[in-house]
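> The lines below spell out each chain.
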Amino acid sequence: MTSWWWYLSKASGIVAAVLLVLSMLWGLLFSSRATGKRLRPNWWLALHNWLGGLALAFIGVHLVAAFFDSNAGIGLTQILVPGTATGFVWPIAWGVIATYIFTVVVFSSVNRVKRRLPRRVWHAVHLVSIPAMLFTGLHAYQAGSDAGAPAYTTLLAVLAGVTIYPLVLRLAGVVSARRDFRASQ
Amino acid sequence: MSTKDHSSSNSNRVIDPLLQQRLANLGSQRAGGGVGASLPPPTLPGARSVPAPAPTPSTRRAPRRVKPARASKVAALTMSIAATAGLTGWFAKVDASGATAAALGSTSADNTPLGASPAGPLPTTAPTATPSGPAPTAAPTTAAPTTAAAPATIADGTYVGAAINTRYGPVQVEVLYQNGSLADAGVLAYPDSNRRDLAINSYALPRLRDEALAAQSATIDTVSGATYTSNGYRKSLQSAIDAAKQSSGIAG
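Sequence order for the protein chains is S and X.
Counting from 1, position 6 in the first sequence corresponds to residue 6 in my numbering; the numbering is continuous, with no gaps.
Counting from 1, position 216 in the second sequence corresponds to residue 1216 in my numbering; the numbering is continuous, with no gaps.
In short, the hints are calculated from the structure, not lab data.
We put the beta carbon where it would ideally sit given N, CA and C, even for glycine.
Certain hints may be false.
[Stated by the list, open to error] Which chain S residues face chain X? A few, computed with CB under 7 angstroms, are given here:
no.	residue
1	Tyr7
2	Ala46
3	Trp50
4	Phe88
Next up, chain X with everything else stripped away, as it sits in the complex:
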């Protein structure tokens, strides 16, 4: 270890002002902070002391680390919850007021002729029901019976049921009676505002039709996955059957 000649080098030595400040603080702490009791700051022999600078914010203790974007995170969470709640309430309000179709601006009543499956654009993802029994014809949508059947049976003709509003749109059924029995039950209106509705109804409506023809009444099962359409179909079908009975003078 080389010895240094301190006598000549220390005379030009300058103490770092920050170091000097810290030494001064240490000295005052050791003395207990009493007035006039502080020890003089230790200095190196021959060193020139430079007046310590005033304390600056940079010499103070570093602030606690704050998580970045905390306020923004809270704001994002709050707005997301508020948006979800608001949208939920808005959907409920629109549904309750019965303005769903108007708000969506898309549901339309499709005049599907009797005997045909519900409209052409429907994808054939499910086995489609072909009309059974007598050959179906595109009958006009009127409720006037054409032939006079026996008083105990329903007169031949087409009868239109009431349009039943469902969550997804109106469902309206039209029935065809021939020789006193239900020959066909087509739909005049069904939910078709989006692909989901079209996909569901493409398999649900033919099945409902088949069940109605088999049961010869509106007592038919709900098609799985198409509860609302099934309910609407059932009610409209019953309405059409009631209209047929009323026209034929049959009570009940």
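Chain S extracted, bound-state conformation:
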């Protein structure tokens, strides 16, 4: 039975990582207005929100499965407090920090909360999800028990590429737009 918790922990971790990347991709496409004409913008935004929440749910499954896996050495303290894992401190700590950040990002985007936050504050909180993606990648590579497998390494590389490429394009677009704005003034 213990082994099944371990398998579930690995599987849910991989699925959560994929959902996070897809959510970020949807968000970047929506914010840069590169959504095309076929689907309306509200479709992109709705799916971006949904994927983010779904990713957080699967992170929860990942944590629960790791907790119940008696051989993983992950207890409540290790889940809640970064830097308390035995044997490899930072690989687990990256994951804990990323989980906290994503929880804040997702819940700050719920309509009821978002309406009460100033737009700038909400936006700043949302941008913190970018370094959280980096922490997720570090956690997946360093703590993942399949990190030596070629298929897993390839998947991580693909996810990194899917995250970095549109992010760079988006940043380049923002810089270009600001430059044009200043030049026009």
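Assemble chain X onto chain S, guided by the hints.
Below, chain X alone, put in the same frame as chain S:
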């Protein structure tokens, strides 16, 4: 309020066709919808009436608001659950068939010489155990005893235990007997396919070695956080001790 001269302006007044249609519907509703019982649509004096256009979809009642991306959301949820279940089953199948090492394609048997801590690349995150007792030498990995000890004791020499497959990879122990006692217990193979394994084994293996030397047997405690490595180490160590006893002609 200014009075308007309706007589001249109303003659050119045109009623909006949509308004006229709605007035017609209202009139028919008031009359109960009976045949021939509908009231004539009210008109303004002097106004020209324009034939009402045929009902178009735009004049019908607006459809109910549909949540955007509902189908996509359901599809995403379904695929996520299916992917998780599929991956879980696949990991279980790979583990059960004993092909984990082949599937990962990374576990390797590391020939660590006796007396040295497990390989150089291991990070020294835990206090490392320095070899105690007689000065260790890089002994060849053979099971042949070199000296003839007293019949009741194990002959000096190195003895290799069986490679025990664990969840993370094989563990194999080699023991060195000198003067009838266990002098060293090094590892020939341990899980090292990723940083996590290396980090765990960097602190677990030296502790297991120390315990084996202290106990002079395979009855040693599990190292916390390294259950599988501890189990594999224990079994391989016992196998090596059994091989030593067998070589020395000691029963049991």
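> Take the hints in turn and mark each one as holding or not.
For each hint, the structure was consulted:
1. Against a cut-off of 7 angstroms between C-beta atoms, the interface hint on Tyr7/S holds, since the closest Cβ of chain X lies about 4 angstroms away.
2. Annotation: interface hint on Ala46/S holds; nearest CB of chain X at approximately 4 angstroms, less than 7 angstroms.
3. The beta carbon of Trp50/S is positioned within 7 angstroms of a beta carbon in chain X (closest approach about 5 angstroms), and the interface hint is therefore held.
4. This hint holds: Phe88/S has a C-beta 4 angstroms from the nearest C-beta of chain X, less than the 7 angstroms allowed.
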